Structures are given as C-alpha cells and as structure tokens.
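The listed protein sequences correspond, in order, to chains A and B.
According to the numbering used here, the first sequence is numbered sequentially starting from 166.
According to the numbering used here, the second sequence is numbered sequentially starting from 13.
These are computed hints drawn from the structure, not numbers from a lab.
Quick caveat, the model's predicted, so the values are computed rather than measured.
Take these hints with a grain of salt, some might be off.
[Stated by the list, open to error] Short, incomplete list of chain A residues facing chain B, as computed with Cβ under 7 Å:
no., residue
1, H213
2, L216
3, A238
4, A242
5, Y246
6, N250
7, Q251
8, K252
9, L253
10, W256
11, F269
12, W273
13, L392
[What the hints assert, rightly or not] Pair by pair, the computed Cβ-Cβ distance ranges are:
no., chain 1, residue 1, chain 2, residue 2, range
14, A, D343, B, L202, 56 to 66 Å
15, B, G362, A, K292, 54 to 64 Å
16, A, R235, B, D131, 46 to 56 Å
17, A, A400, B, K218, 48 to 58 Å
18, A, D343, B, V169, 54 to 64 Å
19, A, R459, B, W29, 30 to 40 Å
20, A, P183, B, W29, 39 to 49 Å
21, B, A217, A, H352, 28 to 38 Å
22, A, P408, B, V161, 50 to 60 Å
Beta carbons: idealized from backbone N, C-alpha and C, even for Gly.
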Amino acid sequence: MTAAIRTENLVKRYGRTPVLDGLCMDVPEGAIYALVGPNGAGKTTTIHTLLNLIAPTAGRSEVLGVDSRRLGAADFARIGYVSENQKLPGWMRVSEFLDYLKPFYPTWDDALAAELLRQFDLPAERKLKELSRGMRLKAALASALAFHPRILVLDEPFSGLDALVRDDLIQGMLERADETTILISSHDLAEIESFSSHFGYLEGRKLQFSEEMTALTARFREVEVTLETESDLPAPWPAGWMPAERAALVVRFVETAFEPEGTAAKVRAVFGAVRGVEIRPMALRAIFVALAKRGRR
Amino acid sequence: MSQALHILIKDIRGLRWELTVTVAVTLGMALLQLYAPNPALQAARERSQPLAVVAWVLLVVQLVQADALVGTEHDWRTRPIRRRDLVLAKVLFVALFIWVPMVVGDVMVLMGNGFAPLDYVPGLLWKSFWLSLVILLPAAAMGAITRTVPQALLAAVGAAIAVVVSVGVVYSMQTPWGGVDWVRGGWMGLAGSGVAAGVLALQYAKHRTTAARVLVTGGTGLVVLTTCLMPWTLGFGVQQLFAKQRMDGITVVPRLGDKSASSVRPRLSITALGLPDGYRAQVVRGRVTIDVDGERVETDAFAWDDSLFLEQTGHRDSPARMHATVWLAILVRQTRQEIDAKEESVRVAGLGICQTRFDENQGRPWASVFCRAPFRVPALSSVVLKTGTKALAQDSFSGPSGYSPMPSVLTLPPVAGTYVNLRHFGYGASPNGSRFTIETWTPVAYVERSFTVNMKRLGDYVTGGPGR
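Could you build all of it, start to finish, from the sequences and the hints given here?
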C-alpha cells in the first residue's frame, strides 16, 4: 500500500525548544489514521508541517507525493482540512462561504454540498460568526468534504463538542471515508477507536509506534497476576512488559506483544507458581493511558 | 484572473461599509478643496486630508487582514488559492477604491480650478504611484505582520513617530539641504517602500512572520539611518543627474560682507560669473575651511539669497585663510508676464493660473497676487507692481523651493497656491494703468565650485544676517 502522507526525520524546534525530533510516519492510502499523543506531543505541529503552514527545522514530509514545502494551490484542491482553531470568515453566511469556495475546487460537488448542509442541519442563511463552535466545525467539515478530497486532515475536531455534534461529524466523515485518506489527531480516544484503521502514538517528540488498529489492540493486553506469596518482582523484567503496579499479592502490567498461548506461558516462566493469571483485552483509551504513564515515568 | 476577480468580489462584499466610507472621505476631501476660497470650510478642509490618509490606511490594513497572513489558523491558508491571484485581487481593490476615487477627486479639483486634467496626466499618475509607495505599501506591510487592526495601527503609529522624531532631530542639527532636500525625502520613501515590499513578499510567498517583523524593525532603522547620514555630496550628485543642461564656464567670486556686527559670523556673498543672459545662480549650500591663529575651523555654511552664512567663528581681528566649496543651482527665466492690475484671473505659462487684486483698505491701497498650480507649489520668483515705469511695490523670492524633477510633489491637494501680498505703496495708487509683472525661474543645472580667500582680518567678513 502506498503512503498518502509521509514524514522523514521531521524536526521542528521553536528557538531552543524541540517539538518534533526525527518524526517518521507513513499514512497508507485509504487509511483512517489516528495520531494520538499527550498534550504538547507535537500532533498539531506535525499537521501544520504536513500542510506547509509552518516550515520544518529539518527533515521532510510529503502529501500525495508532493513535498509539503511545495504544496501549491493545485495540491490543496485535493486536501481537506478541519481544525478546532480554524478561523472562518465570520461575516459570510454558510451558503456564501460554500459559494465562495466552490470556484476554487474543480471537483466541487453541489449536490454533495447541499446534502452535507442537510445532514449537518446547517442554517444556510446564518452568518458563520453567529454559529456555535460545533456548528462552525460542521460548516468547516462540509466545506472540506464537498469537493471529494483525496486526503482529509482533522486536527482535534471533536474537542469540547457535545456527543450529538460529534456523532454528526463522525457520521459525515465516515460516509465519505471510502474515497478518502483521513488523518485525524484527537484526544477523544473512545470515538477514534470506533472508526480508525491505523494508530500512531506520538510522545517524546517522536512517533513511538504506528500500526494498524487491529494489530495494535491485538498485541496489547492487561495482565493481572495473583502471586502465592509476597515476594519481589522478578528481575530482569521482560522487555515487552510495561512496568508493573503491585497491590499486596496482585501484580498488574501491560503486555505489549501479546500472543494467545505464549503470554500465559511466559508469565508462568517469569513468576513461577502463581495463584492465578488473568489476561484482558484493552480498549484504546486504556492503551493510551498506559503508554502515557510510561512516558511520564 | 478569474480567481482574482472572485476574491475581489469577496473583499468588496466583506468590506462594503469600510470602502464606502473611504470613497466618501476621498471624494469629500476633493469637494472641500473645490471650495478652497471659502474660509468657513478651512478647518474641515485641513482635517479632511489626514482623515483621508487614516481611511486609506485602515482600509488597506483590513483588506490584507481579510486573508490574514499571521498565524496558521486562517481558513484560506489551506484552500487552493493562488498567491498571485490573491495579491492581484488586493491590488485591484486598492485601484478601484483608493486610486480611482483619488484620481476622480483630483480631476474634479483640477477642472474646478480651470486646469485641463489631460495636461496633467503624469502628475495624476505620479501622485497615485507615490502615495501607494509611501502610504499604502507600508500600511499593507503593517497589516501583513499583525493580527488585528488595532495592532497594525499601533505598529504604524509607533513606526511613524520613531521615523519622524529621529529624522526631525537629526535634520534640525544639520545644515539645511535647500531645494535638494527632495533627494533625502525621495530616498526615504523609496527605501521605506522597498522594505514594505520585502515584508509583503516574505509574507505572501513564505509566511515568515518573524523574519518579516525583523525586516520591518531593522529595515526602518536602516532607512532612517541612511537618510540621516546621507552625505550632502551624494544628494547633490543625484540632483546633478537631473540637470537639463551642462554649465561648465561658470566661476564664482566671493564678496566681503558690508555690515559690522559684534559677533564674528562670516558671510560670503557669492557672485557667479560666466552665466548667459536670462540665467542666474542660486546658492544652495557651502562648506568652508578657515585656517586662523594656527587653528583649522571646518564648517557647513547655509545659504540665504546669494550668500553663505557660517556659524560664529571668533578670531575677529586675526588674519585668516578661507577655502570654500559652494554648490549652486543655475536658474533660467521661465516666465515673465505682465498682467493688467484690473484683470482678475490670467493663465501664466509655465506657472499656472494667477488671480490679481487691487483694492483699498481705509484709504490705503493694497494689491495681491494669488497663483495656483497643479501638483506643486507655484515657483513664483518675483512680483512687481508698476504704474507706468514707476515700481509701486515688489516682492521677490530666491527661487523655487525645491528642485524635484517629479511630476508632482507629495502634497495631498492636487492644486497648491502661493499668495503674494503687496503693500506699503503710496496713497492714491490706482489699478488704472497699473500692471503686475510676474517672473518665474526654473533650475536647469547644478554646479560645484571652490575658491580660496586670504583675509587680513576674519572680521572683514563679519555681518549680521538671518539666523539658522
């Protein structure tokens, strides 16, 4: 599968403060790629660099095979972008906004634009500045979908939105996902988990891992071991296990390379005789929290 | 182009109220100038000019910030909008709502004053061009490096105050440049607009806000510095490039001052020899080195009429050796026209339109001449009122106040006037049989000459004379 988005050793510093340090990321064509990481991890910086909104300090990135620094008008005709901080021309009515954008896009679809207005329940005659934040985001998403973008980039689109609006946005986005590669950065892990096909975890100014969602959720497991007696944790601690938490006889840790048969055997090999072993699948949110905790340590 | 028109229409709709106010102010300013003789409108007329500048600056800042360049959050940045079309749309907007109303207003004022606009097309175009360079381009640059209109205004006012104060302070400490001063002003305008253009290029092509802000600060400082430190010889050299003819056979002779004074302040009256008929020399500036009592005094001398004046030197009774370099403008008579004192308005070739008045106030006669010319101050050199061959009164000027070759001077009114009031002539004078003689002189060449004078007493050159 070819990459719709690619970064190679991307570095960004603001003065002496590093934000990205050698970021390498591939977003496969057709993927719904969730870029996740704690606050300040560099998600927005990554997106801004990809879209040539800021220049990298070093390294390079490309979108649809075009170097980000050379992205021009013709390239933006294939890229949709929605951000939580996007400033729309507030004096325009929703319909005027869409009418204004239409001539810039050769692939603009009037019927789709009208359908999106209906689907998002957008008041065409209201000025953008009079809309709530959620409605403005819907207007931005409608304007980003109405030209059948090859890539849709969403920067924290759901943050602070109520569930109803969020559902509308996700539904609107997913209905067009089959023709579009989507890169989405978000803290709303529960929602992302439900529709993302790929997952990238950004922390410590680098992409810690990037893989398909099914592979990711398949390899992470929460393991709870109940010991026979209160003894020290075994040393050395296996490399694939995150640091453990302990309460009396119970030891909990996260296995990052789960194998249905191998993990249980490995637990018994490391701990010896134990009273019980419980291996539970993890939600994306739990994986994210575990990774973030490890990062803070 | 269609994209540019599309953006233009968007900006027109978005700024419809602002542009309406600006066009109204621009045309209102022109209307007020049309009724220039009405003193009741004087205050409004004076206020309308700065008001128009403020309106233009505000409109340009809002126009640039309608598709803002600072920050990453503006929607248009990720839309397929070609930068050249965006810039073209902004230029078209300025042309439509600032240049065109200004030119229309100027045409109205020209016609209202009896001038045919087609005779002054270079002046009309040059004024728009020059105003764009020194006002609109810097305003656009300020809009391009700030987020809001108040921020842009604050930056513009701050920069303007810094420039005016620093240049004003330095100028006040320097010997005046006289008619050559337009070179420094022109350089400041050109270099300043170059900085503004650089800022806009950086922002529209690269979105380098920090670099653009550094450029504004550093560039403005550099422009002020180079303007203030520009050597006089460079300024005069530039002026010489615009000479209409060469004048090689001219020599200068200094004459002694003829007044005594308690202070020692040498004055050198300069006579230029070798000038053809109809030409005369105007002293622009001088540089003098005096060797006296084993000391060497070097000083710039400023010009007044045909003389150079130095600062106080002391050494009144000491013998001295003086070496001087003097810079002259050679003027040729452009116009000499007689007007019947009873004529009220007459066109004077090469000058403009002059209105004469001969009246009486409490039995005492007085006469006046008011000349107006498009895009520059009428360069009246002398006005003489005669009855028969007897001169009743006269007033004269050393020559044109500036030697700028530009087709218009950057003053907002398209028509400027010079008023000469002749008084102090005998009771019983009458307009019947009286005639005004109006002369104008225009510079054609600029020369630099040096001479050395050995003096028995430095005090021989002492005189009173005008202060600086």
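Hints, verified against the model:
Checking H213 of chain A against chain B by beta carbon gives a least distance of about 5 Å; that is within 7 Å, so the hint holds. Here the hint on L216 of chain A is kept, as its CB sits about 6 Å from the closest CB of chain B, short of 7 Å. A distance limit of 7 Å between C-beta atoms decides the matter here; for A238 of chain A the minimum to chain B is near 4 Å, and the interface restraint holds. The beta carbon of A242 of chain A is positioned within 7 Å of a beta carbon in chain B (closest approach about 4 Å), and the interface hint is therefore held.
A least Cβ separation of about 4 Å between Y246 of chain A and chain B falls short of the 7 Å threshold, and the interface hint therefore holds. With its C-beta approaching chain B no nearer than about 5 Å, N250 of chain A sits inside the 7 Å limit, and its interface hint holds. Hint status for Q251 of chain A: holds, given a least beta-carbon distance of 6 Å to chain B, under 7 Å. Evaluation of the K252 of chain A hint against chain B yields a held restraint, the C-beta minimum of about 5 Å falling below 7 Å.
With a least beta-carbon distance of about 5 Å to chain B, the hint placing L253 of chain A at the interface is held under the 7 Å criterion. A distance limit of 7 Å between C-beta atoms decides the matter here; for W256 of chain A the minimum to chain B is near 5 Å, and the interface restraint holds. Hint status for F269 of chain A: holds, given a least beta-carbon distance of 5 Å to chain B, under 7 Å. Given the 7 Å rule on beta carbons, the hint for W273 of chain A is violated: about 10 Å separates it from the nearest Cβ of chain B.
A distance limit of 7 Å between C-beta atoms decides the matter here; for L392 of chain A the minimum to chain B is near 53 Å, and the interface restraint is violated. Checked against the hint of 56 to 66 Å, the pair D343 of chain A and L202 of chain B passes, with Cβ atoms roughly 58 Å apart. For G362 of chain B and K292 of chain A, the Cβ-Cβ distance of about 58 Å falls inside the hinted range of 54 to 64 Å, so the restraint holds. Checking the proposed 46 to 56 Å range against R235 of chain A and D131 of chain B shows it holds: the Cβ atoms sit about 51 Å from each other.
As the Cβ distance of A400 of chain A to K218 of chain B is approximately 55 Å, the hint placing it in 48 to 58 Å holds. At roughly 55 Å, the beta carbons of D343 of chain A and V169 of chain B sit within the given window of 54 to 64 Å. A beta carbon spacing of about 57 Å between R459 of chain A and W29 of chain B contradicts the range 30 to 40 Å that was offered as a hint. The hint said 39 to 49 Å for the Cβ distance between P183 of chain A and W29 of chain B, and at roughly 46 Å that hint holds.
At about 35 Å, the CB distance of A217 of chain B to H352 of chain A agrees with the hint of 28 to 38 Å. At roughly 54 Å, the beta-carbon separation of P408 of chain A and V161 of chain B lies within the given 50 to 60 Å, and the hint holds.
This entry does not satisfy hints 12, 13, 19, going by the numbered hints stated previously.
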